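Trainee: Okay, here's what each chain looks like letter by letter:
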Amino acid sequence: MEHPIKVNRISALVYWLFPMGMAIAQAVFNNYYQILPVSVALMDGLTFGAVLGSLGIAVWYVVRYNDPEHSPGIQIFTSHVLAALVFTATWILTSKLIVKILFNDPQYDIYLNDQLPGRIFAGPIIYTLLVCFYYIDAYRQYNREKHLKESQLQLQIRKAQLSALKSQINPHFLFNSLNSIASLTLTNPDKAHGMIIALSDFMRYSLRKQQDDMVTLEVELRNIGLYLQIEKIRFGNNLSYRFDVDEACTQHLIPNLILQPIFENAIKYGIYESSEPVEIVLEARKFPGQMDITVINDFDPTAGSRQGEGVGLTNTKDRLSLLYGSTTLLQTEQNKNQFRVKMVIPDQLETR
Amino acid sequence: MDRIRTLIIDDELLARDLLKHYLSKDDRVELIGECSNGFEGVLAIQELNPDLVFLDIQMPKITGFEMLELVQNPPVIIFSTAYDQYAIRAFEANAIDYLLKPYPFERVVVALNKATEKLASKSTPLEINKLIETHDEEVGLLSRIVVKSGRKIQVIPVGSISYIESQDDFVMIYCKEGHYMKQKTMKFFEQHLDGNQFVRIHRSYLLNITEIAEIQLYEKDSWVVVTKQGAKLKVSKTGYANLKHMLKL
Numbered sequence: 002m003e004h005p006i007k008v009n010r011i012s013a014l015v016y017w018l019f020p021m022g023m024a025i026a027q028a029v030f031n032n033y034y035q036i037l038p039v040s041v042a043l044m045d046g047l048t049f050g051a052v053l054g055s056l057g058i059a060v061w062y063v064v065r066y067n068d069p070e071h072s073p074g075i076q077i078f079t080s081h082v083l084a085a086l087v088f089t090a091t092w093i094l095t096s097k098l099i100v101k102i103l104f105n106d107p108q109y110d111i112y113l114n115d116q117l118p119g120r121i122f123a124g125p126i127i128y129t130l131l132v133c134f135y136y137i138d139a140y141r142q143y144n145r146e147k148h149l150k151e152s153q154l155q156l157q158i159r160k161a162q163l164s165a166l167k168s169q170i171n172p173h174f175l176f177n178s179l180n181s182i183a184s185l186t187l188t189n190p191d192k193a194h195g196m197i198i199a200l201s202d203f204m205r206y207s208l209r210k211q212q213d214d215m216v217t218l219e220v221e222l223r224n225i226g227l228y229l230q231i232e233k234i235r236f237g238n239n240l241s242y243r244f245d246v247d248e249a250c251t252q253h254l255i256p257n258l259i260l261q262p263i264f265e266n267a268i269k270y271g272i273y274e275s276s277e278p279v280e281i282v283l284e285a286r287k288f289p290g291q292m293d294i295t296v297i298n299d300f301d302p303t304a305g306s307r308q309g310e311g312v313g314l315t316n317t318k319d320r321l322s323l324l325y326g327s328t329t330l331l332q333t334e335q336n337k338n339q340f341r342v343k344m345v346i347p348d349q350l351e352t353r
Numbered sequence: 128m129d130r131i132r133t134l135i136i137d138d139e140l141l142a143r144d145l146l147k148h149y150l151s152k153d154d155r156v157e158l159i160g161e162c163s164n165g166f167e168g169v170l171a172i173q174e175l176n177p178d179l180v181f182l183d184i185q186m187p188k189i190t191g192f193e194m195l196e197l198v199q200n201p202p203v204i205i206f207s208t209a210y211d212q213y214a215i216r217a218f219e220a221n222a223i224d225y226l227l228k229p230y231p232f233e234r235v236v237v238a239l240n241k242a243t244e245k246l247a248s249k250s251t252p253l254e255i256n257k258l259i260e261t262h263d264e265e266v267g268l269l270s271r272i273v274v275k276s277g278r279k280i281q282v283i284p285v286g287s288i289s290y291i292e293s294q295d296d297f298v299m300i301y302c303k304e305g306h307y308m309k310q311k312t313m314k315f316f317e318q319h320l321d322g323n324q325f326v327r328i329h330r331s332y333l334l335n336i337t338e339i340a341e342i343q344l345y346e347k348d349s350w351v352v353v354t355k356q357g358a359k360l361k362v363s364k365t366g367y368a369n370l371k372h373m374l375k376l
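From first to last, the protein sequence lines stand for chains C and P. So the first sequence is numbered by the working numbering: it starts at 2 and just counts up by one. So the second sequence is numbered by the working numbering: it starts at 128 and just counts up by one.
Any given hint could be a false lead.
To be verified - Restricting the straight-line Cα-Cα distance to at most 25 Å, the calculated cross-link-like pairs of lysine to any residue (SDA-like) are:
1) Lys233(C) to Asp153(P)
2) Lys275(P) to Asn338(C)
3) Lys233(C) to Thr337(P)
4) Lys337(C) to Lys279(P)
5) Lys147(P) to Lys343(C)
6) Lys147(P) to Asn338(C)
7) Lys245(P) to Ser289(P)
8) Lys275(P) to Lys233(C)
9) Lys233(C) to Lys279(P)
10) Lys275(P) to Tyr273(C)
11) Lys233(C) to Asp211(P)
12) Lys152(P) to Tyr273(C)
13) Lys337(C) to Thr251(C)
14) Lys147(P) to Gly195(C)
15) Lys192(C) to Lys279(P)
16) Lys192(C) to Asp144(P)
17) Lys152(P) to Asp301(C)
18) Lys337(C) to Ser289(P)
19) Lys337(C) to Asn164(P)
20) Lys152(P) to Thr188(C)
21) Lys337(C) to Ser287(P)
22) Lys152(P) to Ala183(C)
23) Lys337(C) to Gly286(P)
24) Lys303(P) to Ser289(P)
25) Lys343(C) to Asp293(C)
FYI, nobody ran anything at the bench for these hints, they're computed from the structure. These figures come from a predicted structure and were not determined experimentally.
Please model the entire structure based on the sequences and the hints provided.
Mentor: This is how it looks when you write it as structure tokens:
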């Protein structure tokens, strides 16, 4: 929350206009009725005005720390009554002292004693007005921030949904597969038939699943199998794959589609970039408290395009760390012509 | 009129099959060959000298764009790809055509009409160069450079470049394995190589800082960099300032 008077010069100017204007008005009034000489009247008005203005700025802190949303009503009320008394007392005593030091005039003393009850009465009223002003401003600021936060949140949600969708189906894969089907309908309708069914099953799985659903490794691998089957129709004998899964792993739960980016990556760097046959191997091993999944693919080291882990693997890493609360669950390793991704799936999700 | 001597370059057998099927239905076309990657493609274009090439972009070893960089006097090109991000926006004006997979026979006929027109007008291959240049602006940082020496095509990962020397209107790329000519400007490499790794030390040299063995004072206000392979490169005054800044001397 920001102090409304400190926000900019104009609001400060408008704020100071009130006490200073009042001081000048009072001086003119006093002079007109010949109560006081103009210099004394002006000094009185300006001093009381300046002290009042300064104290008024401080009142904001009382409002700031008495937020009606978090503090009980009785506490707010007591703080303001106390603050009003302190405000009035400080205002009058400080101002009086200053005028006395600067301008020791017995005539003024008499005048001020006359004025004192009125000023003591004015103190709490001015205090109340200031508090009202600050609360209104705080309310407006609060609303504005709420609005801003809400629209930012909306934007974030939309982005998250979008990237979730994006990670599910790679458009290049889709259009290239459709092109292969178009080709097969002419040359090999049976194969085209099989590919349409595999593609439909794969897409249904990818579109239906929510990002935070858990599935068994068996189910996830069936889907990866569909994906690889489609790529195998496209790339023929260049692609082979093997799943080596411990019996104990098949029913282990994993986040759905978590393997998809890893296989897409393996295909991208293994198959798309190579004209040699490539094998992709998945191994799943059960250990106490966790399951280790390793995906190994050959790649052509002369293709020279492998740099870093790529967006797909970074997203997978982020997702794992969100779900399990650890950032070290995905590790990659690269030697001469093999790329290896090792993923650890703990038995338990992070308890929140 | 002679038939259009046509070459297909695509890494997917099924994609080639479909295109061959389409082309067989149009009398204007004579299919003279097909290639499944960019290496074969470059050689086939040189040996067969086709009038027209249907070219995929994403292929093993080198992309369709990288392939075009290696071909002198390229033929008329029709891109055939599932990738629309390279596309249309900047390119369609320059490309003879850009077919998005999967496309129907009628679309191929339209592309062939354009190609026939182009071939009849015998225009220069200027458009292709323009196309490559537009592509240059779109590429981010390079991770590799494709060069040709004789009949051999070489893919150089940028990390293994020692330095680049500018010649008249081309550059010479020096690596451990040798040096290669490339028809590109120094400015291009300065813009598309990682600025944290490559520094312009002289009007003629762009240097990989991990290749520095030694920096020697040559004479007053003049320095020489010795690379790990022993090459000595002059450093200009501004070049020295760049170098100092990068190495935080």
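Trainee: Give a verdict on every hint.
Mentor: Consistency of the hints with the structure:
1. Taken as a hint, the Lys233(C) and Asp153(P) pair is broken in the structure, with Cα atoms around 31 Å apart against an allowance of 25 Å.
2. Restraint check for Lys275(P) and Asn338(C): satisfied, since their Cα atoms lie roughly 24 Å apart, inside the 25 Å limit.
3. A C-alpha spacing of about 41 Å is found between Lys233(C) and Thr337(P), which places the hinted pair above 25 Å, so the restraint is violated.
4. Among the hinted pairs, Lys337(C) with Lys279(P) is consistent with the structure: their alpha-carbon atoms are about 23 Å apart, no more than 25 Å.
5. Annotation: proposed proximity of Lys147(P) to Lys343(C) is violated, straight-line Cα distance about 42 Å (limit 25 Å).
6. For the given pair, Lys147(P) sits about 34 Å from Asn338(C) by alpha-carbon distance, which is inconsistent with the 25 Å threshold.
7. Our distance criterion of 25 Å between C-alpha atoms is broken by Lys245(P) and Ser289(P), whose separation comes to about 42 Å.
8. Proposed proximity of Lys275(P) and Lys233(C) is contradicted: the alpha carbons are some 32 Å apart, above 25 Å.
9. For the suggested pair Lys233(C) and Lys279(P), the alpha carbons sit about 30 Å apart, so the restraint of at most 25 Å is broken.
10. Only pairs whose Cα atoms come within 25 Å are accepted, and Lys275(P) paired with Tyr273(C) is accepted, the gap being roughly 22 Å.
11. Restraint check: the Cα-Cα separation between Lys233(C) and Asp211(P) comes to about 23 Å, which is no more than 25 Å; the hinted pair holds.
12. Straight-line distance between C-alpha atoms of Lys152(P) and Tyr273(C) comes to about 30 Å, which puts the hinted pair past the 25 Å bound.
13. This hinted pair does not check out: Lys337(C) and Thr251(C) have alpha carbons roughly 31 Å apart, beyond 25 Å.
14. In summary, the hint linking Lys147(P) to Gly195(C) is supported, as the alpha carbons are separated by about 23 Å, within the 25 Å threshold.
15. Our distance criterion of 25 Å between C-alpha atoms is broken by Lys192(C) and Lys279(P), whose separation comes to about 38 Å.
16. Straight-line distance between C-alpha atoms of Lys192(C) and Asp144(P) comes to about 14 Å, which keeps the hinted pair within the 25 Å bound.
17. A threshold of 25 Å between alpha carbons decides the hint, and for Lys152(P) with Asp301(C) the separation of about 38 Å lies outside it, so the pair is violated.
18. Proximity of Lys337(C) to Ser289(P) is assessed by CA-CA distance (about 22 Å); at most 25 Å being required, the pair is judged to hold.
19. A distance of roughly 23 Å separates the Cα atoms of Lys337(C) and Asn164(P); the hinted pair therefore holds under the 25 Å criterion.
20. Between Lys152(P) and Thr188(C) the CA atoms are separated by roughly 15 Å; this keeps the pair inside 25 Å, and the hint holds.
21. Among the hinted pairs, Lys337(C) with Ser287(P) is consistent with the structure: their alpha-carbon atoms are about 16 Å apart, no more than 25 Å.
22. Restraint check: the Cα-Cα separation between Lys152(P) and Ala183(C) comes to about 16 Å, which is no more than 25 Å; the hinted pair holds.
23. The suggested pairing of Lys337(C) with Gly286(P) holds, with an alpha-carbon distance near 16 Å, which does not exceed 25 Å.
24. Between Lys303(P) and Ser289(P) the alpha-carbon distance is near 7 Å, which keeps this suggested pair within the 25 Å criterion.
25. As the CA atoms of Lys343(C) and Asp293(C) are separated by approximately 7 Å, the hinted pair is consistent with the 25 Å bound.
Violated hints, in rising order: 1, 3, 5, 6, 7, 8, 9, 12, 13, 15, 17; the structure is consistent with all others.
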